[in-house]
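Fit chain B to the given chain A structure using the hints.
Number of protein chains: 2
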Amino acid sequence: MYLKFYDNPDESEYLPLLERSLCDDGSLRRCVSDIIENVRVRGDEALREYEERFDSSRLGSFHVTEKEFDEAEASVPRELKSAIERAYGNILAFHEAQKSNGECVETMKGVKCWRKVVPISKVGLYVPGGTAPLFSTVLMLAIPAKAAGCPSVTLATPAKEGTVNPAVLYCARLCGVDNVIKLGGAQAIAAMAYGTQSISKVDKIFGPGSRYVTFAKSIVSSFCAIDMLAGPSEVMVVCDKSSDPVYVACDLLSQAEHGCDSQVILMIRAGDGKEARDVYERIEQALSAQIGILGRHEYMLPSLSHSAAIAVYDDVKLMKIVNEYAPEHLILNCRNYHDLVHMVESAGSVFLGPYSPESAGDYASGTNHTLPTSAWAHSSSGVSLDSFVKKITVQELTKEGLSSLGGTIMRMAEAEDLMAHSQAVKVRLG
Amino acid sequence: MYLKFYDNPDESEYLPLLERSLCDDGSLRRCVSDIIENVRVRGDEALREYEERFDSSRLGSFHVTEKEFDEAEASVPRELKSAIERAYGNILAFHEAQKSNGECVETMKGVKCWRKVVPISKVGLYVPGGTAPLFSTVLMLAIPAKAAGCPSVTLATPAKEGTVNPAVLYCARLCGVDNVIKLGGAQAIAAMAYGTQSISKVDKIFGPGSRYVTFAKSIVSSFCAIDMLAGPSEVMVVCDKSSDPVYVACDLLSQAEHGCDSQVILMIRAGDGKEARDVYERIEQALSAQIGILGRHEYMLPSLSHSAAIAVYDDVKLMKIVNEYAPEHLILNCRNYHDLVHMVESAGSVFLGPYSPESAGDYASGTNHTLPTSAWAHSSSGVSLDSFVKKITVQELTKEGLSSLGGTIMRMAEAEDLMAHSQAVKVRLG
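Protein sequences, first through last, are from chains A and B.
Per my numbering, residue 1 is the first one in the first sequence, and the count goes up by one each step.
Per my numbering, residue 1 is the first one in the second sequence, and the count goes up by one each step.
Bound-form chain A, shown alone (with noise of 0.2 Å):
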């Protein structure tokens, strides 16, 4: 038994299965903060040692060289490079089209306001090396950033005895990426938080990473922007006897070998609790041999070993739970999953049908993979064009715009004891 099988829980049992294991561990936050201010006071310095020990990488500088570009690009393999490229396409195509002008509305005659829509000068993108060299992480942050006009865009990513993965250097430069350094961990986050003597300060930090990193970012947001705090990867898979359990139990997966805390919840969707159980154990042989293909053991079986499967019998309900979770994905791999994708109001992204495993979206199809975690979908969106952009609101009255609004801006101001705004409507209009 992989999954822990609840038939039709009723809140107080469902609600503990939905918690996300909080990790603010106070000695993590103190290496952190010790981190944050000795970079912040030390600079390149600081940076030094860290990447030293941490590592094992002596720099000279951080700066990754046009010669260290051509000889990643020219050790990627073409096929790799074409993969990289078409998935290019498609995100970059899903982004554009979240372009927007601004509106404009004159809400009085001569009273014209809109919005004027500015990149943010300068981001800093963090891309994590880890159990695995992420370098999708740099397409679903690197395209939207130059698709939304960022003049400086900065990517951070640890470089393992100062060599840098060839396939994020390969992204980077495809994506037009100004300026990659070698620097990882919280110490990376810092630096781009602050700036150092050779690293620039950004005004808004991007990109998951380890609990160091999601610690120093949540550090560094009070003085500078970031994308969100993402927390371990989790997916929530919704099925019914209609549904090939073998597609589940893979969709499953591959959450789970992200990593050890990562979390999969499956929705059984059944008529009775005998069909649920059914369902639940087609999925569970398909895991089995599945889990007997498939490697990083090291990672599914914690994964699965908190995770669970919930039966539920109705629409309702399973809707209920769903959008109290909150998953950061949520695949409806279930007949009806038209009608139930208007009933999600909180997911980071939501996969609809046998075809359309959570892969597409990590990797090509167009949408982001950068998402809420740990139920923050109740509250935020995932990353997007809109997260590289400010939305600037402007004004213009005309002389007979003003006279027409002046006497209702005179008299809240005054209402509101705030006789100098009142003043500077009086005096125009003497």
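In short, the hints are calculated from the structure, not lab data.
There's no promise every hint is true.
Heads up, the list lumps identical chains together, so a pair's fine if it works in one copy or across two of them.
As the list claims (entries may be wrong) - Simulated crosslink set (DSS-like; lysine-lysine; CA at most 30 Å straight-line):
| # | residue 1 | residue 2 |
| --- | --- | --- |
| 1 | K67 | K99 |
| 2 | K426 | K112 |
| 3 | K426 | K116 |
| 4 | K201 | K99 |
| 5 | K112 | K317 |
| 6 | K160 | K146 |
| 7 | K320 | K99 |
| 8 | K274 | K241 |
| 9 | K112 | K99 |
| 10 | K274 | K4 |
| 11 | K122 | K99 |
| 12 | K67 | K201 |
| 13 | K146 | K201 |
| 14 | K146 | K116 |
| 15 | K116 | K320 |
| 16 | K122 | K320 |
| 17 | K399 | K201 |
Just chain B now, with coordinates in the frame of chain A:
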């Protein structure tokens, strides 16, 4: 002399003038942390104690009753009601125009990606009491919340001796706020972030407030979304010899009257030093005359004392300083404002020409007055309809779509060493 005059300063001289005072006060932070922890653990009991201590109120219930709404409505003067209704219409029109249905892109044949726009379920709005009863803030937060379709809108505001300002209640009812609770300060933020026996937890907290409120928002932001961290209010006014000095003076003062820590910066675009000095002196005279007429000197004078007038002799340098400062409010009241607005990269809201005082946007033109301060305009926008919605990405691939894209996905997944991601495609195409 009200504003200190700087004639064409170089960077080393003007950068310090643009700095905002940071107030990361350790004792304040500890006090706010204690309040938050107390509310989290003891709920309503803690809230009652704070209300008694800070607002001299002994509350039976925190919730404003229908009777209180009726009484408030009866006591707001008819003329103020009309003014509020006109502002309501303009603000609604501007924010309604920001609605979007999300775009749908078929990135390849059989690969359809779109965004589903969903309002945030439960939002909490904070409306400060403080030196002036800010009912306009109710309009600025509740109108976009309701226009976005948020089903549950809670508003917290301090009740001095148990009573909420009638105009605040009138606006709340007009906007369709679901629930007004009598609570101010850090304890109000804590109550909305965690929920208590009688107050529901919200998904996102909006609104300005004292330093206590801002610290509280900063602390809870590691688990509850917030709109922004608001510092003291600011205006930058750009003028030249064509500007009416009285208009300029009143705009400066309408910022300065907000509070002792408000910052006003006057930029004088001139042809030479003599012209700059001349413009400066006329504005100083106008300031003197207007201060003589207006009250709230206890806020205005300290605020002006840490403000500045900066003369520059070319547009490039002018706009460099403007964008470096990233003012919450930017008034371009000079001859060539139509050219300059295209050079604005960082500002909260921009006011163009001689007839667009900041007070128009503060109250009634339609734009939002909840704006990024303290140079957050480098990375962030003011509150808009977007602040109250989530954009959930959705995708549906047909079997044909997955066949075309499958090779790309598998190649990338395998290069990232994530074989289950690849397997999820392979089993579907087998």
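*Intra- versus inter-copy proximity for K99 and K320 (alpha-carbon distance at most 30 Å)*: between (33 Å within a copy, 26 Å between copies)
*asked:* Within, between, both or neither: how does the pair K160, K146 come out at a Cα-Cα threshold of 30 Å?
replied: within (27 Å within a copy, 51 Å between copies)
*Same-copy or cross-copy closeness of K146 to K201 [CA-CA at most 30 Å]*: Within one copy only: 18 Å inside, 38 Å across.
*Could you place K67 and K99 in one of the four classes (within, between, both, neither) given a Cα distance threshold of 30 Å?*
The answer is neither: 35 Å in one copy and 47 Å across copies each exceed 30 Å.
_Homo-oligomer pair classification [K201, K67; C-alpha up to 30 Å]_ = Within one copy only: 25 Å inside a chain, 54 Å across chains, cut-off 30 Å.
_Cα distance capped at 30 Å. Does K112 pair with K99 within a copy, between copies, both, or neither?_
Classified as both; 22 Å inside a copy, 18 Å across copies.
*How would you label the pair K146, K116 (within, between, both, or neither) given a Cα cut-off of 30 Å?*
Answer is both: 18 Å inside a copy and 24 Å across each meet the 30 Å cutoff.
*Could you figure out if K112 and K317 sit no more than 30 Å apart (CA to CA) within one copy, between two copies, both or neither?*
For K112 and K317, only the inter-copy Cα distance (28 Å) is at most 30 Å; the intra-copy one is 47 Å.
*Have a look at K116 and K320 and pick one of within, between, both or neither, based on CA distance no larger than 30 Å.*
between (39 Å within a copy, 18 Å between copies)
_Within, between, both or neither: K274, K241 at alpha-carbon 30 Å_ = For K274 and K241, the Cα distance is within 30 Å only inside one copy (11 Å; across copies 84 Å).
*Can you tell me if K122 and K320 fall within 30 Å by alpha carbon in one copy, between copies, both or neither?*
Between copies, since 15 Å is at most 30 Å while 40 Å is not.
*Can you tell me if K122 and K99 fall within 30 Å by alpha carbon in one copy, between copies, both or neither?*
Result: close both inside a copy and across copies, 19 Å intra and 28 Å inter.
The structure is inconsistent with the numbered hints 1 and 17, although it conforms to all the rest.
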